Each structure stands twice: as structure tokens, then as C-alpha cells.
Amino acid sequence: MQYQTFPGVRGGSKSEKKLIALRLPDLTNKRFLDIGCNEGFFCGYALFDGAKEVVGIDYSQEAISRAKLRFPQAQFHCQSWETLPEGKFDVITFLSAIHYADDQEALIHRLMEKLNPDGVLVLELSIAPGGKDDFIQVKRAIDERLFPTRIKLASMLEDYAWKVTGHSVNQDGDPLQRYVVHIRHYRPYAYLLLGKPGTGKTTITRRLFAENNVKTLSGDKCYYHIMHKKQSCHPAIQAIVDEKSKGSSVNYSEFTKQICKENLLDELVKLWVEQAGFTDFALDTYLPEREHGKVAQQFYDAGYFPIQLNWPKAEMLGTPQQNPEKAEAYRNFLMEQPLGDNAKVAQVTSLLDSKWLGRLRWHLDSPAKNQLLGTNNKLRISGWAGWVDDTNQPLSLLVQVGLEQHQVPFNRQRPDVVQSLFSNSQYPSLFWDQHQCGFAGYILLPDENTPIILSLLCNEQVIPLALINWQEAKSISQFKVKAIKSKSLLLGFKGKVTQKLNRVLKSL
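At position 61 of the sequence shown (counting the first as 1) the number is 61 in the working numbering, and the numbers step up by one without a gap.
A few of these clues could be false.
[Claimed, not checked] Within a straight-line C-alpha distance of at most 30 Å, the following computed DSS-like cross-link-like pairs (lysine-lysine) qualify: (1) K294 <-> K229; (2) K355 <-> K326; (3) K163 <-> K14; (4) K114 <-> K294; (5) K163 <-> K132; (6) K163 <-> K52; (7) K326 <-> K163.
I should point out that these hints are in silico values taken from the structure, not numbers from a laboratory. Fair warning: this is a prediction, and the values are worked out from it, not measured in the lab.
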């Protein structure tokens, strides 16, 4: 079944709404990796948002082949997360797939190892209810999987800085709410108290930090030690301190002003970093207000997380106001995004006669309307069908590809379909108890121009379902549905199809 949703082709995932929920940071000049990229929707967004390098991996060759057609500028690899791409990344997305991992915590640690020091791992997952540090086994429509409680999630991420940024977009049948979590490497906190002298910096530093065993640095003490040659520093800073300390009165604020005037603030910050060590600390010193942002950025660049009202990197998350606008702009971008050479999209025309509408329900999951055809011409045919009257006859699918016929058995349980159709478990016939309603299989197209006719077989009766043909497309905006406009022509075509399939049936 088509998973990601693009303009013109609907998938099971509401991709644009998920993009908004993820609150991705600005990707300009970033290196971006999507684990389980599917058809490349989020890789395409990274290209759109200015990423310098975009990599997507997925174990599905079919999905990768489509992704390459949609976004030739990105790198796509058919591989599992057991083998991760080379190098480190600024942004890694891992969306609604971690429950498939054998060791979820170990996989998170491996992904964090691939993250740059100031990068972010955007994780989408479901969180199970419960008050224990444990995984909870949850029954889904298709299987059972382990999901962490909130406490378990916290224990897995205790070595990192992380935040649950909000709900993600659930899919039909999800037993648990999906959440988005942003995970970063932990940085020691640099608490910067940089106000003017006499504003209470020293008292706050003593009461909040020193008394709670947080390391503290005093700008005044640093200058005092430099004055008495107990602290080595840059020669130019030593010269300023020596000059400004002459006389009976010493004003440490004047030391700082002169250091800033001579563009030596970088050297002073290096000295503070050396004194702090790589641990949480509080800095009590005066700096001119115009220098606050610069110093905060220097501490950030040195690996700390600066706590100061106008510290840089405040906008780490995409804002709620900007995200819908960016998502809409990305949709427009996708509409005009050139596809790869010889890209083909599926056009699906229903052939089901109206007399069956009250008796039969069916759905074609794959190929979906406007779905891209992979470069290997291998096509997955999947969906479901069943009786909604009192008929209890088994069904199979007949696939006519040119002169070849393929019979696809109904060999899959589809509890999601049954639950959607009959929420009260009151089935109209024994068909739903005694027979499977889902079908799935692969066919190899002899060429991209070969149409496909799908029909249901019930005993000796042929019920035409759909015509699938292929249209070349340069971009999504050029998708055109080849509809049969004349009703009489359509009825005549259905009649010919039925006659042909009856002959085919006799030959089986």
C-alpha cells in the first residue's frame, strides 16, 4: 500500500500534517538523514529547505526506487539501520519505526553517535501507559509490538537533552497516541550572570549555585589572580590588567571594557572555559550588554548550553506559526519538482458495474492513483474485497497483463478492514468468518506501456474491477487522469473486457 502522501497520490500516512508536527529546525546547509525514508517525502523537504546533503535509507527496494525518481538530487540507499551511512549528520529523522528494532535503546545510542555535537535526532514513537520503567506489549491491527512507557523513555534518554515537543499525527487503527521527541547531545550548562556591578549577581551566584555544589567562576577573582600573577592569560590581557591596576583604586569593570575595546574578549572566554572544565558552572562577571549575545555564542561553540536571556540558538524548534506556511510552500514545491527521467505514474479507472455496488466492497491499496512505477518495473498488487450481502463464495483476483494472466489468491487476513466495515462484528454473511479478504502479490511488467486489467473470480463468473495504465510525468503538476469520458464508451469497454476475461477463464 502507498504509505507516504504526495500531491495527487494518497497514502496511509498524512505526510504533510506530520511534517508540521515534527517541528524540524532550519535545514539550511545542514546534513540530513532519514531512517526509514520510504518514498522520500521528508528527504524532499530537506532539499526544499536548503540542506546541503540529504541521505535516506529504507529496506524496501520498491520505495527506494520511487524515492530516486522523485528526488534525484538526494542519496537513497536500500539498507537497514544495522548499517548506517558514513559521517555525522546535523538532523536525523526516525519516524514511527523504532518499535521494529530488537533493541530500541541500543539503536537510539547508535543514532546519537551519528549526530553532530549540535545536531538533533527527531524521533516519532508511541508511548504506552504505565508507571514502570518498562516496555509494554501492545496489540495492533497487524501484529504485537513493544512500546516504552514515559518512564522507560526517560531512562533510555537520560544521557541526552530531550523534550517531547507534542503529539504527532496518528494513522487509522493506531492503538496508542504518537509523539514527537527532539533529542540532542547533553551540554554542560553555562549560567551567565553578566549584569552591571551592584545588581545582585554575586548573591544569586552564591545562593543558587555555590550552595548547591555547582561550580562558580567570578570575573573579579579572575582579574585578582591575574593581577598577582597567579593566573596565566593572553599577554595583551595581562598588559591591560597591569596598566589598569596601577594606583590605589581598582575598578574591575574598566578591565573588561578595555578588553572588549581591544577585541580580546575571545581570549577572555577561552580563559573562563579553561577554568570551568567540561561541567556545569555559573559565571559571575560584568560584560557590556552589547557583548552578551557574542559571549553566549562563544560558550555554545565551546560545547556548553548557555543559560542567558538572549542566548543564541533560541529558535531550535520550527515555530508553530511558520510550520504550516513552510508545509504549504513545500507542497507547492513538490507540485513543480521535476521527476527523474522516464518517470511513470499509475492511472486507475474503475470498471465495476453498478449492479455490484450493493453486494460487493473492494479497495485497491497498491498501486494507488498517481503512484510512481519503480525503475525495475516490479509492481505490487494489493488490496481487499468481500461480499456485503449474504453471499458466501470465495474470491480470487485475476490480473491480465497484456497476453499474460496471473491468478492471485486471497491469502491475507485484514482485521483493519473488517473492523472498519463491521465495528459491531455483525457480519452480513459467513464469508468474513470463513474466508480471507486480502490479496497481495508482485508482477513484472514487460514494459511501462502495458495496461493491466484487474477482475474478481467467483466460481465461473468474472467481475471486472479496474483498468491500470501508465502515464509519463515530468512533475506532479503534470499528472493527468486518463478518464474515459463517454459513459456509453465506458460501458462498451466493460463489455469487451468481460467477454475477453470469460475467454481467459475458460483457458485457465
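Inset, instruction - If any of the earlier hints don't hold here, list their numbers in rising order. - result: Hint 2 contradicted; others consistent.
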